[in-house]
Amino acid sequence: DAKTTQPPSMDCAEGRAANLPCNHSTISGNEYVYWYRQIHSQGPQYIIHGLKNNETNEMASLIITEDRKSSTLILPHATLRDTAVYYCIALYNFNKFYFGSGTKLNVKP
Amino acid sequence: AAGVIQSPRHLIKEKRETATLKCYPIPRHDTVYWYQQGPGQDPQFLISFYEKMQSDKGSIPDRFSAQQFSDYHSELNMSSLELGDSALYFCASTDRGNEKLFFGSGTQLSVL
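Protein chains in written order, with the numbering used here: chain A, 1418 to 1526; chain B, 1261 to 1372.
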């Protein structure tokens, strides 16, 4: 599975959009991009995933570049409860669901 | 909806003791994963099972063993505990038709 690179931390003002980038330049054609988050010491929580097309659900939007070498997770209106570590995972085989180093998002009032 | 259940939530052990952590996957999920998360660390994959067979192995110490039972629940057995084994242990489950992993709330193991 492709390695992903994320900034270690980001700040976002409450009510504003949080845009979390992820680089996966070695991603292969059949690898999905998954986003999970972990709110302090809780179990990781699924956010969204996609292959090629942009995706949106009730939690977030996922924008994948045309060459699929990077993606951005967008939380449209960040709240204090969105403060968490966000993990981007490039995945083909669920047997190898490995976490890398995520982005610590700090949402500030 | 039913979630992944882990027990116990908290466990305190002495060095060189043994511990058993239990994981009950979501009903009809046939795949279970175990992760270890040390303080300030990212979750590290330990081991996974599909249909009661080990499917992948990560950085699991030889002192640890795990299995998945006929009812699909899984147990992580840890022997000769060391101080460095103090961590949060997460279990996750899915089934082959699903595209998501679902995580439990974890077991906090403290080795004194």
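Hints in this document: simulated from the structure, not taken from any laboratory. Wrong hints could be hidden among the right ones.
[To be verified] FRET-style restraints, in silico, Cβ to Cβ:
id	chain 1	residue 1	chain 2	residue 2	range
1	B	1337	A	1432	45 to 51 Å
2	A	1518	B	1277	19 to 25 Å
3	B	1339	A	1431	46 to 52 Å
4	B	1358	A	1427	26 to 32 Å
5	B	1276	A	1483	28 to 34 Å
6	B	1358	A	1459	16 to 22 Å
7	B	1340	A	1474	41 to 47 Å
8	B	1298	A	1498	23 to 29 Å
9	A	1518	B	1269	24 to 30 Å
10	A	1468	B	1278	40 to 46 Å
[As the list claims (entries may be wrong)] Derived contacts from chain B toward chain A, CB cut-off under 10 Å, selection only:
id	residue
11	1284
12	1287
13	1302
14	1316
15	1330
16	1339
17	1346
18	1350
19	1356
20	1364
Ideal Cβ placement from N, Cα and C applies to all residues, glycine included.
Status of each hint after checking the structure:
1. Checked against the hint of 45 to 51 Å, the C-beta distance between residue 1337 of chain B and residue 1432 of chain A comes to roughly 48 Å, which is consistent with it.
2. Checked against the given bound of 19 to 25 Å, the beta carbons of residue 1518 of chain A and residue 1277 of chain B, roughly 32 Å apart, lie outside it.
3. For residue 1339 of chain B paired with residue 1431 of chain A, a C-beta distance near 47 Å keeps the hint of 46 to 52 Å intact.
4. Between residue 1358 of chain B and residue 1427 of chain A the beta carbons are some 30 Å apart, a value that agrees with the proposed interval 26 to 32 Å.
5. Our hint of 28 to 34 Å for residue 1276 of chain B and residue 1483 of chain A is violated, since their Cβ atoms are close to 56 Å apart.
6. For the pair residue 1358 of chain B and residue 1459 of chain A, the supplied restraint of 16 to 22 Å holds, since their beta-carbon distance comes to about 21 Å.
7. Checked against the given bound of 41 to 47 Å, the beta carbons of residue 1340 of chain B and residue 1474 of chain A, roughly 45 Å apart, stay inside it.
8. Taking 23 to 29 Å as the suggested C-beta distance range, the pair residue 1298 of chain B and residue 1498 of chain A conforms, at roughly 25 Å.
9. Checked against the given bound of 24 to 30 Å, the beta carbons of residue 1518 of chain A and residue 1269 of chain B, roughly 27 Å apart, stay inside it.
10. At about 44 Å, the beta-carbon gap between residue 1468 of chain A and residue 1278 of chain B stays in the expected band of 40 to 46 Å.
11. Against a cut-off of 10 Å between C-beta atoms, the interface hint on residue 1284 of chain B is violated, since the closest Cβ of chain A lies about 14 Å away.
12. Interface restraint check for residue 1287 of chain B: the shortest CB-CB distance to chain A comes to about 18 Å, outside 10 Å, so the restraint is violated.
13. For the restraint placing residue 1302 of chain B at the interface with chain A, the shortest Cβ-Cβ distance is roughly 5 Å, inside the 10 Å limit, so the hint holds.
14. With its C-beta approaching chain A no nearer than about 4 Å, residue 1316 of chain B sits inside the 10 Å limit, and its interface hint holds.
15. With a least beta-carbon distance of about 21 Å to chain A, the hint placing residue 1330 of chain B at the interface is violated under the 10 Å criterion.
16. Against a cut-off of 10 Å between C-beta atoms, the interface hint on residue 1339 of chain B is violated, since the closest Cβ of chain A lies about 25 Å away.
17. Taken as an interface hint, residue 1346 of chain B does not check out: its beta carbon lies about 13 Å from the nearest beta carbon of chain A, beyond 10 Å.
18. Interface hint at residue 1350 of chain B: satisfied, since its Cβ lies 6 Å from the closest Cβ of chain A, which is below the 10 Å cut-off.
19. Given the 10 Å rule on beta carbons, the hint for residue 1356 of chain B holds: about 8 Å separates it from the nearest Cβ of chain A.
20. Nearest Cβ of chain A to the Cβ of residue 1364 of chain B: about 5 Å, under the 10 Å cut. The hint holds.
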